[in-house]
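Peer 1: Listed below are the residues making up each chain.
2 protein chains.
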Amino acid sequence: MVAICDIDDRALNLSKEIITKSGKKMPQVFTGDNYAWKKMVEIKDLDGVLVVTPWEWHKPMVIGSLEAGLKYVGTEVVLGITLQDHWDVVKAAEKYNANVMMLENVCYRRDVMAVLNMVRQGLFGELIHLQGGYQHDLRGIKFNDGGHAKEHGVEFGEKGYSEAHWRTEHSIHRNGDLYPTHGVGPIANYININRGNRFLSLCSFSSKARGLHNYVVKWGGENHPNAKVKFKLGDVVTTSINCANGETILLQHDTDLPRPYSLGFRVQGTEGLWMDVNNSIYIEGKSAKNDEWDEAKTWFDKYDHPLWARWSKETAGAGHGGMDFFVIHSFVESIKRKTPTPMDVYDAAAWSAITPLSEQSIELGNETVEFPDFTSGQWMYRKPVFALNDEY
Amino acid sequence: MVAICDIDDRALNLSKEIITKSGKKMPQVFTGDNYAWKKMVEIKDLDGVLVVTPWEWHKPMVIGSLEAGLKYVGTEVVLGITLQDHWDVVKAAEKYNANVMMLENVCYRRDVMAVLNMVRQGLFGELIHLQGGYQHDLRGIKFNDGGHAKEHGVEFGEKGYSEAHWRTEHSIHRNGDLYPTHGVGPIANYININRGNRFLSLCSFSSKARGLHNYVVKWGGENHPNAKVKFKLGDVVTTSINCANGETILLQHDTDLPRPYSLGFRVQGTEGLWMDVNNSIYIEGKSAKNDEWDEAKTWFDKYDHPLWARWSKETAGAGHGGMDFFVIHSFVESIKRKTPTPMDVYDAAAWSAITPLSEQSIELGNETVEFPDFTSGQWMYRKPVFALNDEY
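First to last, the protein sequences are chains A and B. Per the numbering used here: the first sequence = residues 283 to 674. Per the numbering used here: the second sequence = residues 283 to 674.
Heads up, a few of these hints could be off.
Because identical chains share one entry, a pair is satisfied inside a single copy or across any pair of copies.
Unchecked claim - The list that follows gives simulated cross-link-like pairs (lysine to any residue, SDA-like), each with its CA atoms no further than 20 Å apart: (1) Lys579 x Val559; (2) Lys571 x Asn560; (3) Lys500 x Gly407; (4) Lys571 x Leu420; (5) Lys307 x Leu332; (6) Lys306 x Asn379; (7) Lys490 x Gly528; (8) Lys373 x Trp339; (9) Lys306 x Gly599; (10) Lys579 x Asn560; (11) Lys512 x Val499; (12) Lys441 x Glu451; (13) Lys490 x Gly478; (14) Lys512 x Glu408; (15) Lys306 x Asp329; (16) Lys510 x Arg492; (17) Lys500 x Gly404.
In case anyone wonders, no lab produced these hints; they're calculated from the structure. In this text, all values refer to a predicted model and were calculated from it rather than measured experimentally.
Let the hints inform the model, and build the full structure from the sequences given.
Peer 2: See below:
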């Protein structure tokens with residue numbers, strides 16, 4: 283790591299501490315205003331850059347990095363805000379013949395990859411219907427007291443710290459599936475989206491919005507200024523998607539109500555299905571009992587993906603149960619080998635465009651809207667490349 | 283029971299055996315052609331009639347019974363086939379000032395009623411999002427060998443026995459949520475549909491259809507005549523519904539693929555949720571651990587519905603785990619007390635109309651379509667009546 287840019291002093295100091303403790307050389311540090319990153323990406327001969335900033339900064343920073351000559355740009359989810367943002371990044375990546383990889387770590391979750399292995403070996407038969415989502419109580423992340431630890435603060439924006447500083451605004455001004463990629467990334471790999479298949483159309487439904495307002499009133503009182511804020515984001519947003527090869531996808535976004543965390547995967551084919559919610563798999567003729575669930579673990583142990591079988595020791599200490607090791611590893615290995623990243627700008631755009639499309643669908647009264655084809659027809663010819671072996 | 287009508291000799295004989303074994307007096311028997319039932323409903327002073335025939339016969343038999351002067355008509359799900367069918371039954375019930383009750387037994391499932399009890403006591407807070415469905419591998423029911431027992435027969439229609447004789451045709455000619463009421467009936471009771479709330483609009487998505495064809499080929503071979511049949515029904519049909527009070531509902535219909543049975547209920551409010559799939563409940567501030575599921579059983583034991591608490595002994599031997607006792611009991615008690623049935627013609631029409639509306643939505647390319655208001659505005663004033671106490 284040769285350089286780091288952060289304009290938040292608290293976060294920057296945390297990074298410096300980690301680097302110091304690691305014993306590695308302190309990288310060049312960039313800080314200052316919102317455009318400090320522009321100086322960093324102009325360092326000569328950078329191999330790659332990681333964009334890990336608020337959502338609305340992904341697009342300008344990715345495109346700015348491409349314009350500065352970088353050939354490998356990794357970005358946190360999501361790729362952009364508007365549909366046009368997504369086109370802009372795709373066109374920039376094409377113009378500069380560069381790799382833009384969205385760092386969707388759930389694609390590398392151990393069970394998700396075991397299921398990918400099972401899908402490719404035909405255990406589920408022909409895939410028919412898939413589900414996923416983001417069902418995560420974020421109330422304690424969308425609000426805090428501006429400091430570190432105190433539970434149940436109800437501040438956000440200028441007075442909020444970390445994600446509460448910026449992420450909460452999206453719940454005030456937007457209604458749609460704001461965070462689709464954890465759910466749809468793995469699904470896209472299962473059914474080869476942009477690689478022989480593509481998303482065709484989408485329709486989203488939104489429930490009423492109660493959770494965030496209730497949280498402010500509960501912990502801040504009825505007279506807290508934020509009790510007057512109107513949140514546009516429905517508490518549960520449900521999205522159905524049609525695919526070119528006839529599969530249906532169901533995605534759910536559910537971040538403002540009390541609930542245990544669950545991405546809610548379901549992978550269902552002509553021979554059987556995986557249900558994430560109850561950790562179960564059923565495969566006709568192969569499961570222990572007719573019409574009864576097997577514990578998923580018995581299948582996952584048997585079909586552990588070669589990547590996990592080889593690298594599981596290296597994941598110790600990596601974030602999110604080891605997933606983060608793999609997503610960074612694959613980005614870095616792609617750079618070293620000068621090969622395309624295993625998830626590319628078309629994947630990033632297709633997965634992330636679900637957000638503006640779902641907003642549009644809800645705004646139009648639950649109209650079904652068409653997906654753009656960011657590959658301009660190349661989806662018919664492109665081949666699957668994600669995690670084909672144990673390398674990266 | 284004073285009369286019975288069945289035009290299928292095998293089924294009729296089974297019924298007679300049961301009656302003989304019971305020691306009760308053999309009722310008057312009607313049989314013959316498709317209209318033999320017309321003679322039965324003209325018996326003088328009948329208290330009520332139960333229509334338990336193929337779907338397409340429910341509407342004519344219900345209306346025929348009303349025209350013959352019956353004031354209590356119970357019908358198996360669903361109420362009708364087309365949207366007009368549903369209007370016709372509603373108008374007939376209004377014209378004759380009679381009760382039409384759809385015998386939706388899942389409304390009486392013990393866990394479903396415990397959750398109703400919890401909903402009414404406010405445990406889940408304000409309800410936000412609800413799910414249910416019909417996820418039941420019916421391949422062995424849609425096909426048989428025309429006889430009794432042989433597994434894996436692939437005949438239907440003229441050569442099929444029992445449900446394979448008629449039900450399979452609906453999978454050939456129709457694509458939609460063909461069986462919505464097991465899922466939506468309990469949900470409608472939770473959020474007071476037709477009683478202060480109503481369904482507003484609906485959108486359905488359908489996956490490709492593979493399961494039934496594959497089944498025919500697997501057990502009958504590629505050269506079996508039924509391998510040429512094209513099935514229109516998508517293997518998984520997903521339906522989203524908007525409600526007047528801002529809740530969203532998600533329904534799934536999934537009958538043609540191998541899978542363990544599950545109605546997939548989810549009842550989610552501002553304070554917590556029930557998930558049927560993993561038999562779990564989470565209630566904020568009341569569950570044992572923060573952000574972790576409780577076993578649903580601990581809640582169900584505590585909130586057992588008064589009806590089950592009082593009548594559970596009587597359910598022994600009744601069909602479908604005891605549910606069937608309650609639905610028949612409530613129909614009979616309504617007759618005895620000369621009161622309206624706890625589920626009425628408006629409930630039947632609203633729940634069952636999901637089928638033709640979902641067909642229309644899919645036919646129109648996943649267009650969101652409006653629900654009719656069968657109550658003609660009375661939904662704003664009507665009060666909940668279902669299972670308010672331990673009587674029926």
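Peer 1: Please flag the earlier hints that this structure goes against, numbers listed from lowest up.
Peer 2: Violated hint (a single one): 6; every other hint is consistent with the structure.
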